[in-house]
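Could you slot chain A onto chain H? The hints should help.
These protein sequence lines map, in sequence, to chains H and A. For what it's worth, the working numbering labels the leading residue of the first sequence as 27, then goes sequentially. For what it's worth, the working numbering labels the leading residue of the second sequence as 27, then goes sequentially.
Derived from the structure by calculation, the hints contain no laboratory data. Hints are supplied without guarantee of correctness; some may be wrong.
Which copy? The list can't say, so a pair holds if one copy fits it or any two copies do.
Unchecked claim - Cut-off 20 Å, straight-line C-alpha distance, at most; resulting in silico cross-link-like pairs (SDA-like, lysine to any residue):
| # | residue 1 | residue 2 |
| --- | --- | --- |
| 1 | K128 | D114 |
| 2 | K128 | Q147 |
| 3 | K128 | P172 |
| 4 | K175 | A71 |
| 5 | K128 | H151 |
| 6 | K111 | G134 |
| 7 | K128 | S29 |
| 8 | K128 | D149 |
| 9 | K111 | W50 |
| 10 | K111 | L130 |
| 11 | K111 | I74 |
| 12 | K175 | G134 |
| 13 | K111 | E84 |
| 14 | K111 | L83 |
| 15 | K111 | N165 |
Residue-level listing of the chains:
Number of protein chains: 2
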Amino acid sequence: MLSRTYEGQVCSVARTLELIGERWTVLILREVFRGNRRFDQMQGALGIARNVLTARLEHLQEAGILERRRYQERPARYEYMLTEKGIDLWPVLMQMLIWGDKHLAEGGPPVYVEHRDCGGQPDEHLICDRCGEPLHARNVTRRPGPGLKAVA
Amino acid sequence: MLSRTYEGQVCSVARTLELIGERWTVLILREVFRGNRRFDQMQGALGIARNVLTARLEHLQEAGILERRRYQERPARYEYMLTEKGIDLWPVLMQMLIWGDKHLAEGGPPVYVEHRDCGGQPDEHLICDRCGEPLHARNVTRRPGPGLKAVA
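Isolated chain H, as found in the complex:
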């Protein structure tokens, strides 16, 4: 198994990677930001092996990024919520989205992220390009973009 740590790196980027740098982890967080909080929703959306998803969810809980909450008693079923520490990762994911939209989305963005209040979009500083309000995880919404339709 590959090591998750970067020995000798006294660096906040390296430490962040140690928590979110494993394969699939960022996409799992993307699903939770989207509201797909349940194991089966995530597994269906990502198409990954259940044992891999289980391991990643455990790491994210150990790291204090996700919290598990039971939503059904018999059989016991859990959903995964972002902690405040987890919600703080939104700008990391958004900057990856913006970069991918700019450089890797020939058919246009697969998803538009929009300011819930006015429909504006995040600029490169995650400020609404229409009304100037700072955007964060809780004041945006999503709708399908042309890049998704091109595939469908």
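Same frame as chain H, but now just chain A:
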């Protein structure tokens, strides 16, 4: 070898991860942003196997994120420069840095990133917290922070 791709994911975040999600890649980019553009500088700073570094640099060139430039003739020696596409990754790395500084740096930030003109620091929107100017890869500088001294 682990796959680098996320099959079936029509998503700009997933596509970005396919290019920068491999182990070490983000730290290699960090070195280039720092000005450590030469193979031996990177290898020394990261302490990784030379064949791994070679493979990652090749991927980054194929992806159009780095460009190789010869700086010495005999023997031939190369340095790696960020393309514009590569420079556009600065906000991704900065958001990882900000998150790590906030959540994983008990002894304080290992590095302070500062606005070259006024010495202010990036806020969560990568705006200078002193003068309000938007920050980018070319108008910031770095100095050691308390987290680095604590280790040294």
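Hints, one by one, checked against the model:
1. Taking the shortest alpha-carbon separations for K128 and D114, only the inter-copy value of 9 Å comes in at or below 20 Å, while the best intra-copy value is 23 Å.
2. Taking the shortest alpha-carbon separations for K128 and Q147, only the intra-copy value of 14 Å comes in at or below 20 Å, while the best inter-copy value is 26 Å.
3. When the C-alpha separation of K128 and P172 is checked against a cutoff of 20 Å, the pair qualifies only within one copy, where the shortest distance is 14 Å, while the shortest distance between copies is 36 Å.
4. Taking the shortest alpha-carbon separations for K175 and A71, only the intra-copy value of 17 Å comes in at or below 20 Å, while the best inter-copy value is 44 Å.
5. Proximity of K128 and H151 under a CA criterion of 20 Å is satisfied in both settings, with 14 Å inside one chain copy and 18 Å between copies.
6. Taking the shortest Cα distances, K111 and G134 sit within 20 Å of each other only across copies (17 Å), while inside one copy they are farther apart (31 Å).
7. Taking the shortest alpha-carbon separations for K128 and S29, neither the intra-copy value of 32 Å nor the inter-copy value of 24 Å comes in at or below 20 Å.
8. Proximity of K128 to D149 under the C-alpha cut-off of 20 Å is restricted to the intra-copy arrangement: shortest distance 12 Å within a copy versus 23 Å between copies.
9. In this assembly of identical chains, K111 and W50 lie within 20 Å of each other by CA distance solely inside one copy; the values are 19 Å within and 24 Å between copies.
10. In this assembly of identical chains, the alpha carbons of K111 and L130 lie at most 20 Å apart only when taken from different copies (10 Å versus 29 Å within one copy).
11. Proximity of K111 to I74 under the C-alpha cut-off of 20 Å is found in neither arrangement, the shortest distances being 25 Å within a copy and 30 Å between copies.
12. In this assembly of identical chains, the alpha carbons of K175 and G134 lie at most 20 Å apart only when taken from the same copy (9 Å versus 46 Å across copies).
13. For a Cα distance limit of 20 Å, the shortest separation of K111 from E84 inside one copy, 16 Å, qualifies, whereas the shortest one across copies, 35 Å, does not.
14. Proximity of K111 to L83 under the C-alpha cut-off of 20 Å is restricted to the intra-copy arrangement: shortest distance 15 Å within a copy versus 32 Å between copies.
15. In the homo-oligomer, the alpha carbons of K111 and N165 lie at most 20 Å apart inside one protomer (17 Å), although the nearest pairing across protomers, at 29 Å, exceeds that limit.
Against the hints set out earlier in the document, violations occur for numbers 7 and 11.
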